[in-house]
Structures are given as C-alpha cells and as structure tokens.
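> Each chain is listed here by its residues.
There are 2 protein chains.
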Amino acid sequence: MDYKKVKIGLIGLGTVGCGVVKVLADFPEVEIKKIAVKNINKKRNIENLDISLLTDNPFDIVNDPEIDIVVEVIGGIEPAYDLLVAAVNNGKHIVTANKELLAKKGEPLFKLAKEKNTAILYEAAIAGGIPIIMPIKTTLAANKINEIEAILNGTTNYILTKMEKDGVSYEEVLKEAQELGYAETDPTGDVEGFDSAYKIATLATIALNKRVDINKIYREGITKISVDDMRFAKELGYKIKLVALAKTLEDGRVDVRVHPMLVHVKNCLASINGVTNSVVLEGFPVGRVMMAGPGAGEFPTASSVVGDILAIQRSIGENKLLPMMECHHHINAQQVDIKDTVNKYYISLTAVNTPGVIGALGEVFGRHNISLASVLQKGIGKENTAQIVIITENSKEDNILTAINELENNKNIVKINNYIRVLE
Amino acid sequence: MDYKKVKIGLIGLGTVGCGVVKVLADFPEVEIKKIAVKNINKKRNIENLDISLLTDNPFDIVNDPEIDIVVEVIGGIEPAYDLLVAAVNNGKHIVTANKELLAKKGEPLFKLAKEKNTAILYEAAIAGGIPIIMPIKTTLAANKINEIEAILNGTTNYILTKMEKDGVSYEEVLKEAQELGYAETDPTGDVEGFDSAYKIATLATIALNKRVDINKIYREGITKISVDDMRFAKELGYKIKLVALAKTLEDGRVDVRVHPMLVHVKNCLASINGVTNSVVLEGFPVGRVMMAGPGAGEFPTASSVVGDILAIQRSIGENKLLPMMECHHHINAQQVDIKDTVNKYYISLTAVNTPGVIGALGEVFGRHNISLASVLQKGIGKENTAQIVIITENSKEDNILTAINELENNKNIVKINNYIRVLE
Chain S
1 MDYKKVKIGL IGLGTVGCGV VKVLADFPEV EIKKIAVKNI NKKRNIENLD
51 ISLLTDNPFD IVNDPEIDIV VEVIGGIEPA YDLLVAAVNN GKHIVTANKE
101 LLAKKGEPLF KLAKEKNTAI LYEAAIAGGI PIIMPIKTTL AANKINEIEA
151 ILNGTTNYIL TKMEKDGVSY EEVLKEAQEL GYAETDPTGD VEGFDSAYKI
201 ATLATIALNK RVDINKIYRE GITKISVDDM RFAKELGYKI KLVALAKTLE
251 DGRVDVRVHP MLVHVKNCLA SINGVTNSVV LEGFPVGRVM MAGPGAGEFP
301 TASSVVGDIL AIQRSIGENK LLPMMECHHH INAQQVDIKD TVNKYYISLT
351 AVNTPGVIGA LGEVFGRHNI SLASVLQKGI GKENTAQIVI ITENSKEDNI
401 LTAINELENN KNIVKINNYI RVLE
Chain P
425 MDYKKVKIGL IGLGTVGCGV VKVLADFPEV EIKKIAVKNI NKKRNIENLD
475 ISLLTDNPFD IVNDPEIDIV VEVIGGIEPA YDLLVAAVNN GKHIVTANKE
525 LLAKKGEPLF KLAKEKNTAI LYEAAIAGGI PIIMPIKTTL AANKINEIEA
575 ILNGTTNYIL TKMEKDGVSY EEVLKEAQEL GYAETDPTGD VEGFDSAYKI
625 ATLATIALNK RVDINKIYRE GITKISVDDM RFAKELGYKI KLVALAKTLE
675 DGRVDVRVHP MLVHVKNCLA SINGVTNSVV LEGFPVGRVM MAGPGAGEFP
725 TASSVVGDIL AIQRSIGENK LLPMMECHHH INAQQVDIKD TVNKYYISLT
775 AVNTPGVIGA LGEVFGRHNI SLASVLQKGI GKENTAQIVI ITENSKEDNI
825 LTAINELENN KNIVKINNYI RVLE
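Sequences listed follow chains S and P, in order. Using the numbering used here, the first residue of the first sequence is number 1, and each one after it goes up by one. Using the numbering used here, the first residue of the second sequence is number 425, and each one after it goes up by one.
I should point out that these hints are in silico values taken from the structure, not numbers from a laboratory. It is possible that part of the hints are untrue.
Restraint ranges, calculated between C-beta atoms of paired labels, are given here [claimed, not checked]:
#1 P/D474 <-> S/R367: 54 to 60 Å
#2 S/E393 <-> P/D474: 55 to 61 Å
#3 S/L249 <-> P/D450: 19 to 25 Å
#4 P/R655 <-> S/G237: 44 to 50 Å
#5 P/G591 <-> S/G76: 52 to 58 Å
#6 P/E531 <-> S/V85: 56 to 62 Å
Quick caveat, the model's predicted, so the values are computed rather than measured. Beta carbons: idealized from backbone N, C-alpha and C, even for Gly.
With these hints in hand, go ahead and build the complete structure from the sequences.
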C-alpha cells in the first residue's frame, strides 16, 4: 500500500530528538522538513545531519504550512506550550514526549485539539518505550480499569536497585549515578518524585477516565530511604521501590500518589530492576495485565515517538483521525487526600531497650485502631537502645500519623527513623 | 462523540462467547443481532439471554446483510474457515479468537480480506487478554523486532508451576488440572505444544514480518518432564517452562519453535507462574519489552474480542479501515530446522558409578565440539549407578543428538534420562 508522505517539524535535538532523526532514516514516508534547536552550530551525535534543516526559531516550524506533524521533544512548559498551541491552531497534529506539559496543560491543549480536529499523541511521555497509552485506548477499550501500580522513573529505580544490591547509602549511589549520566546534576525532578507524578497524572486520567489534577497528587521522594530500611525490607521479603499508584475507590473517588513503598517480592513490581519501568493495570474484564521495558533513553523513547508519527501518517486523509485516540475527560476526578488513604505501613524506630517497650508500642497503636502484623527487634544499638521494625495491617494514614506523633513524645522512644507504605 | 452503531453476529456461545455477550451489555453502540449455536435449547450461563437471537445455522449470520462484523469464537478449521470466507466475501469484518485457523489458514483469509477491503482482527487469539498484536502493529511500528520469547499456553504453565511447587509428577498434576477444569479431557492440544505452536506461528509472522509456516515449526510438549528434571533445574537456578521462541538469524532465516526449556531465574519468563501468559519482544529501537497477563478465560479473552469489535466499530465509515492493522506478509520465512539451531542444553543421565565416567563423558562431548558449562553428580542411584546432570555451552543441536546417540551405546552409560534446551 502506498501511504501519503508526511512532513514533520522537530522541535528539540537533544537525546530523544537525535534518536527520532536516526530512526526516521528508515521511514521514507516521513520527511523531516525542519528541526528547531537552541544553537545551530552545536556539534550533534548524528552522522550526515543536513544542517540546512536547522532553525533557531521554533515558530518557523509551527507556522510552516507544509508541515503536517509537529514533534515536540524539548520538555518543560515554556516555550513548549505556546508552540504547541500555535501548532494546533494552525491545524497541525502533535507528537510529544513532554510529561510535564501533559500533566499541567493537558486539559486546555486536548480541548483545543478537539476543536481543531487534530491529534495529540504522547506514547513516549509515559514509560518511554513501553506501549501503554495506545493499548489502553484500543485493545483494552472494553475495560473499566480501576487500579494502576507502576514504576515510572528509571533514575530512582536504578538508585534503589543499586542501594539494595550493594548495601550502600542513597547519597553514595546518587553520586555514582550522576557520574554515569543516569542522574542529572540537579536530581530533584527524579528523586523527589516530580517526574513520576507527571506521568501518573496523565496515565491515571486516561486509564481511570477522569481528569486527575497534578496539584492534588501526593508526592514523596526517595531521599529518606536509609541503608537500614533497605536491609530490614529485604529481611522481611520486600524491595523498596518508588511506586506511582492510582485507583478508583468504591465511592468513585480517585486515589493517585507517588511515594516509596515496600513491595512484597511476590508482587511483580518487586522484580523490576535498574532503569526499567513497569505498569500493572487491573480492570474488568481483563484482570491484571503487566507491561515492562525501557522507560527512557534515546532509542526506546524514539520508538514510541516514531510509532506515534506513523500512526498519524497512516491515518491522514481519513475523515476521523485515529478515532480511538481522542482525549475527552471532562469529568474532574475527586481526589482523595493522603491522610484519608488506607495502607499497610513499615515503621522503623529506635527505643530504649527496657522490658515492656513492645507492650507500650502495642498499646499506642491499638488505641489508634492500628493492628500490627509483626513487631521485630532488629538488634541492640548504641547506649542500650533497640532497633524495632513494625509492619502494620491496613490502617488509615491519619491514624498512623497521630500514633507516630504520640510515639515521638514517648519517653521510651528515642527516634522514629522512618515510615514507608507497604504494597503486598 | 456519537459513534455509528454496529451490528454483530456471534458464532459460538461457549465460555468466550458468553463472556463477549456479558461484556457487550455495557456497550450500546454494539448490537448483537444473531448468535449461532449448536444446540438452541442448551442452558447457558447468561442472565436474560434473548433466546430469539439464537440460530443453529451459522450461515444465517454470514449471509445477513445487516450484520457488519462476524465474531467467530468456535475454534477449529471446519466449519470456521468456510464461514469466515463467506463472511468476508459478503464484505463483513471479522473478529476471531481462533489461533488454529490463523496459523493454518491465515494466508488465504488475509489475502481475501485485503481484496474485499475488510478487517480481520484477532487480538484474543494470541495470549488472551494481553495486548500484543495491536501494540506490535501500532506503538511498536517503528521497530524491527528480531526476537520473541513467550509463554503462550496457560494449561502447561499451570502444570509445570504446580510440578515445581509441589514436587509431584506430570501425570498427577495433569489429573488434578483436569478435575479443576484447567486441562481438557484430551489434553494433547495443550500438553504437546500444538496450541503454543499455533500462537507463535501468527505472532512470529506479525512481529518478524515474514510468513511463518506452521508445518515447519519444531514442536515438543511437556509430557517427558520428570520430577527429577524439576528438582535438578531448581537446584541449578532454573525453572522449566514451555517456551515459544521466534528469532531472525543474521542470515535472514527465521528460527521458530515450541519446546520445554530450563529458563534461568534471572529471565523474567521464569517468574510467570500458573495460567499467566507472557510475551517478551526484542527489537530496535525499543530494546526489550515484556507483557504479561491472563492468557485465557471467559473475561480476559472477551476483553480482547470486544476491544477488536470496538476498534472496527469506531473506524467504520473511514476510507481506509484501521490502516495499521493490515496483514501483508507475502514473503515466506525461510525456517531453520531444529537440527541446525544452537542452544545450551541440560542433559540428565544415569551412568555406572565408576571412576573415569565423567572423564569419558567429557571426551565424547569434546569430540563433538560441545563445551560443558557444568557436570554435576546428583547422588548415587540403584545398583551402583550415578545420576549426572550436565549443562552445556552453546552447541549445535545436531552435535548434541550425535553425542547423545553415542552415549546411549556407551557401556558406562545406563540411560539418557532427558535433554532439555536452556534459556539464560
């Protein structure tokens, strides 16, 4: 079959942009007409790059009447948002890998695209090379998805895997990851969970079919995970992962959050190591489905970007463009506050090593309606203190916080070292 | 958006057919106009089934001018093939879960559908509820996929998981599986690998982009796996799985086969337990991607069938129907004979317990160009015999068979118990 040839304009020629150019070399049906870059003279990691394609004015692309698809791989809100609004207003289709933009400006952008009858595809923005958005919108279209458990950030998963394997501290692994280029000089976006939160905001919106507000997503990073936490988790049969969660509760409210969790080794997310990402979906009628693969990198991301370009290219000329890929989530999710969520918890604390301490702990938790699944003394510390690790049964976060607050003021408790939610 | 309502005719009302009827109850845009069954009076597991829809003549469906989509869930070649040919000739789109039909009659059927400009979708035929065909054709369209490793049959994976966990024999677990309804009275189709072979034939055709001939797929079932094999595999860090493999070799030939393998615990397929299926794809640019989920069952299968129905329903009225989903694999794969494949092997044998036996084994294997990764004596058997387990390095199957044949005639070798290929 002879497909219509499409012309694309590429905004951004960093790692992903270079990957897109290289992969498109095998697809003569897609012509790169222009590439917008910050610095035209910068040396690029592409053989035989046609310098005449480069422009330092991205509006050359969004205003070019010959360009059918604008591919945006610069990231961030400005100038990406203004550029994409201009592109859609000019009737162009969009392929983007910009998770922050989708999370913060997805609603007005999709609304505009619907008015203008153009497509916005963004497979690369969520979980890199793993097919997830298209499957949810097509193969799984018959499903009511009610739960997502996911590892959506490769940098933090690399750090946590390495901490567990080598028994070294967060700071030490971060430094090494930065030297290897797996973590950025300012790692905040990754290690504080912003990147995962952007991704789960969009993924939850699509999968749970209600618009999730990024500002209402509880977010907690991995910087407080200690060598002890890693060791205790391992002994108890868990791995520590930065998990992005989303679920629809029975009352219709939606619980979306990003934070570290002790993941039981029987849960398939526990075996996702290194920079790999994974998404587990649960819904009816399908049941539980898992996808895993490379969540970032030049070529895996380019795989999804070019997949989206080809999807548009092969649909151009239709009356309805990619009819299943429309975004129409006008209903805003009613998001649950973290205090109202129910979880199992790992709590690590240092107590005075006297008889009756465990009894006292039991009394405090019991008074706050918290059942304990296990209480383990993990050895004697300095100055006659005892390390104690507790795993609770399902408990309301609010009650846990009150109990912890009370314990912090208890004369027998030296320190609450950490508390981490648990995923069985 | 208001979609066009479509009318479907359902051929078959067994487990999957009932699931499709139940799931479609939530999709008013799809009307079930007729359902063909063998016995109209049979009691069905569906509440409020409209008996007036039933017919015992499936040609009522394929010849009904009002029906847009024929959904075939009866399985087997006859009468399914004749029915679908008639349906396509009448301009109808097809959704099928029939892996045997696709493997044996896919080529003429897709050719006819192309002539008649109708769609044939079959997500449910491969790996049940797991999205795999649509992702390969859309999100992963930029990839050259060169390898598939998959577990595609739930019954055998259930049996092998149970054998490993409980340390019991194949016969014992099969009996239990039959009682529980996980295995059929005549289990041949599953346990001898036919079902997996049908699925990998179609999956490899799509993913490797060359038509794979089902008759040239090497196939070996799980009936010879012993309790000892399970135990030795476990001790060596492997699980035994019925693996469906497909890869493109450097010379362009294609290696497609189904047989048990010792899968190293570090390979993610090793952790696929029970009736779950999994597909691992490796390609460029994406790298390695894995999908896992329920491979069979009323609702997971219905999820994929209804996903396909909705994909067609939402595309009807387009000039080009589902342009990315066409099948055009006119190039026949040149398939490698199993004798010419290269694998690592697990070999279990019983030898006379005399000094020098391991030296003699080494000599035979060495003479046939087979390097041994490990040789382990696993205890002394009856009548002064020794159980020996060997793991080889990569070796040509032909050489392995010759060496095994020679060992069978060696006076120090009592018996070659089994040999199983190894997947690291």
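> Broken hints, numbered, in rising order?
2, 4, 6
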